[in-house]
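**Q** So the sequence lines, in the order shown, correspond to chains A and B.
My numbering numbers the first residue of the first sequence as 3 and each following residue consecutively.
My numbering numbers the first residue of the second sequence as 52 and each following residue consecutively.
These are computed hints drawn from the structure, not numbers from a lab.
Each residue gets a CB set at the ideal place from its N, CA and C atoms; glycine is no exception.
Incorrect hints may appear among the rest.
As the list claims (entries may be wrong) - Reference listing, derived: stretches of chain A covered by chain B, where coverage requires no fewer than 3 residues with Cβ under 8 Å from a Cβ of chain B:
1) 42-53
2) 268-280
3) 382-392
Claimed, not checked - Not the full set, but computed from the structure, chain A residues with beta-carbon under 8 Å of chain B:
4) S135
5) Q284
6) F290
7) R294
8) R302
9) N378
10) V404
11) G405
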Amino acid sequence: MATDESLDAFRHRVRAWFAEHVALTGGASDGESTDAVDVARRFQGALFDAGLAGLTWPVEYGGQGLTTAHQLAFNEEAEPYVVPTMPLLIGLGMCAPTLQELGTQAQRDRHLARMLRGDEVWCQLFSEPGAGSDVASLRTRAVRDGDDWVVNGQKVWTSGAQYSDFGLLLARTNPDVPKHLGLTMFVLDMRAPGVTIRPLRQITGGSGFNEVFLDDVHVPGDAVVGDVDRGWQAAVTTLMNERVSIGAGGGGLGRRLGGGEFAALAELAGRRGGLADPVLRQSLASVFVEERLLELLSQRIRADVKAGRTPGPQGSVAKLAGAQLARHAAEVGLELIGTAGTAWDPGDRDAERWTQALLGAPGNSIAGGTPEIMKNILGERVLGLPREPAVDRDVPFRELRVGGGRS
Amino acid sequence: MSAAVVSSAEDLAALRRSVRAFLADAVPEAEVRRLAETRTGFDPAVWARLAGELGLTGLVVPEEFGGSGAGFAALGVVLEEAGRALLPAPLFSTVVLGVHALLLSGDVAAQADHLPEIAAGRLRVAVGGLGTGPRARAIAGTRGWLLEGTVDGVLDGATADLLLVFADAEGGAGLFAVPSSAAGLSRTPLRTLDLTRRQARVELHATPAALVGAVGDGGRVSAALLDRALAALAAESVGGAQRVLEMAVEYAGTRYQFGRAIGSFQAVKHRCADMLIDVERMRVAAEAALGAVDAAAPDLPVAARVAASFCGEAYFAAAASGIQVHGGIGFTWEHPAHLYYRRAKSAELLFGSPAEHREALLRQLGH
Chain A
3 MATDESLDAF RHRVRAWFAE HVALTGGASD GESTDAVDVA RRFQGALFDA
53 GLAGLTWPVE YGGQGLTTAH QLAFNEEAEP YVVPTMPLLI GLGMCAPTLQ
103 ELGTQAQRDR HLARMLRGDE VWCQLFSEPG AGSDVASLRT RAVRDGDDWV
153 VNGQKVWTSG AQYSDFGLLL ARTNPDVPKH LGLTMFVLDM RAPGVTIRPL
203 RQITGGSGFN EVFLDDVHVP GDAVVGDVDR GWQAAVTTLM NERVSIGAGG
253 GGLGRRLGGG EFAALAELAG RRGGLADPVL RQSLASVFVE ERLLELLSQR
303 IRADVKAGRT PGPQGSVAKL AGAQLARHAA EVGLELIGTA GTAWDPGDRD
353 AERWTQALLG APGNSIAGGT PEIMKNILGE RVLGLPREPA VDRDVPFREL
403 RVGGGRS
Chain B
52 MSAAVVSSAE DLAALRRSVR AFLADAVPEA EVRRLAETRT GFDPAVWARL
102 AGELGLTGLV VPEEFGGSGA GFAALGVVLE EAGRALLPAP LFSTVVLGVH
152 ALLLSGDVAA QADHLPEIAA GRLRVAVGGL GTGPRARAIA GTRGWLLEGT
202 VDGVLDGATA DLLLVFADAE GGAGLFAVPS SAAGLSRTPL RTLDLTRRQA
252 RVELHATPAA LVGAVGDGGR VSAALLDRAL AALAAESVGG AQRVLEMAVE
302 YAGTRYQFGR AIGSFQAVKH RCADMLIDVE RMRVAAEAAL GAVDAAAPDL
352 PVAARVAASF CGEAYFAAAA SGIQVHGGIG FTWEHPAHLY YRRAKSAELL
402 FGSPAEHREA LLRQLGH
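Extracted from the complex, chain A is given alone in its bound form (with noise of 0.2 Å):
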């Protein structure tokens, strides 16, 4: 609808859009309760009646086909909002992507401009007890029973199950070849009987992931996505996907990477006398440093977006980076705190905050790619240093051994 809008133009209409809709922002946006997905719906819903959603996506699936540098204006002007989609995201970000690339027209045509819309809330179902890293050595099962498939099996770390309506699934449809050769991707109806959703509570206490145990699944053999057997090559497009959506800045999710730490710390050490110590100095203007430079870092990857630069390897070191200032925020806001950091007051919000933050380190270290996988490809794709020699390369899947520790 705004394809004759100049971008100046457009920009104005973004920022009247969020004066008026200011009352559909902010609120809960950790991804964790059905209030939050309300209030995602109701955002999404409002706008994509303005014709605000969807601005890169193709017309003819309810997007506005705009450009880049269009979505970069919205991203801006979004900035002084805090932007409710969280739980939006990965169905917009990584499931809708790749069914525009790979998904039938009858898929494209029953979900997208839904999911646009905010009526339909999608997860994704690749990870496993015994697949993190490898997630190509999934064991989820999908066996052929006449036209349809048959699933069983179990994923883990599933963002927003419990209040998705569909998955991206990927399966295993052929465990005779080698590992990569023998998946395939569906769409699954949550809702399915044999679905059940249950979930993982992590060291914070909280509980944003999900474990989805899948018994005698009925799936249609038009929920396939992409070909047979070719799911591997389907869940790479939802993977890229994954890292331009993270890369553009959230498409829309207007947080900053690195939030406010350095400020956050000074302001505890100045209350608690930390700015004396000579050894705390140090460690604040580090956080100061790290800080400072994942902004600058952030700010590199917006410009290549921005004019149409693949980005290059800093969206890896900025996540890397991330998890690392994080860890470093909190254990300077701990030993700000002292032994008050081992038992407080429920009243305590320094303690409370930075043992929190503390104890979701090393979740922010392991999401998202491992140190030790983005470390590989840093190594192997950026630097063209030669591949490990792969054990599992030519043997049929059933001959693996996968998984294993306390799974």
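With chain A fixed as given, assemble chain B onto it according to the hints.
**A** Relative to chain A, chain B alone:
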């Protein structure tokens, strides 16, 4: 090149290509090593070509004084290449410290005297008293100013044609110009950790000097100059660290042990990835500091200290890691790794330690 203002991304890329090609040809590693053994540490013929063919001594000199009037974005590119090649020449001392001391002083007469000579490649300048060490005193005599005292660690101080010295006078600090022929001036080359950048002790005994700018303004000038020096040094360090990373990656990809390229082992691969992570962060830190100079941003002192504290430590970590990847050959005299290792630690400490930069940063932030 020398006549045009360098600003666009294409200009900067062209500048980078021409400087890199020139240095690869004129100052390859063998030449760097040869010059490290000489008395003066640099080749006047190469210096003349840097000034003439490439216009580098006039790069940031305003056009009215015969230069190209480029900014720190362009200077950063040149320094990155110089750092990559470990160029042993008084470029940093003359073009970063000398030119900007004159520009910041606001002394138009001194600028008119010296900047065209610098741009033409006829004048090499060293700056003393910028760091935290002992400083000279300036005494107002009947026939002008006299300097008294000892200044240590003056970059390229033994070979410069003109010394610019920050000294303390009765009315406050000032910047003073001392020609190399001045009476009562003695200059002693020091032993240096970094074999590719010379330093000297400058002793002044009733040495006649010309005031540049005003007495009382020296503190402002030296603080502003320090910010620029830190930004420039960060850019130079990016070039060195990038080269160190490239050497490590090349070696890790071609050195075989246990039947495999060592770079296929995660212990080595991850070490290289860590270097890449640091180099990428160094790059954005340095570019932000250079950009803050060009934009005259109030944030410059913060950006400069961020760049200095991070780039100093990261360059040295990369240089040490680079040696580690190379194993035994890495700690031989014949391998270039130690030249970068020396340069990196020297750069880390040249204008204050990372801890001092962090302390200064926190004070800049009002804490």
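**Q** Would you pick out the hints that fail for this structure and give their numbers low to high?
**A** Violated hints (numbers, rising): 1, 4, 10 and 11; every other hint is consistent with the structure.
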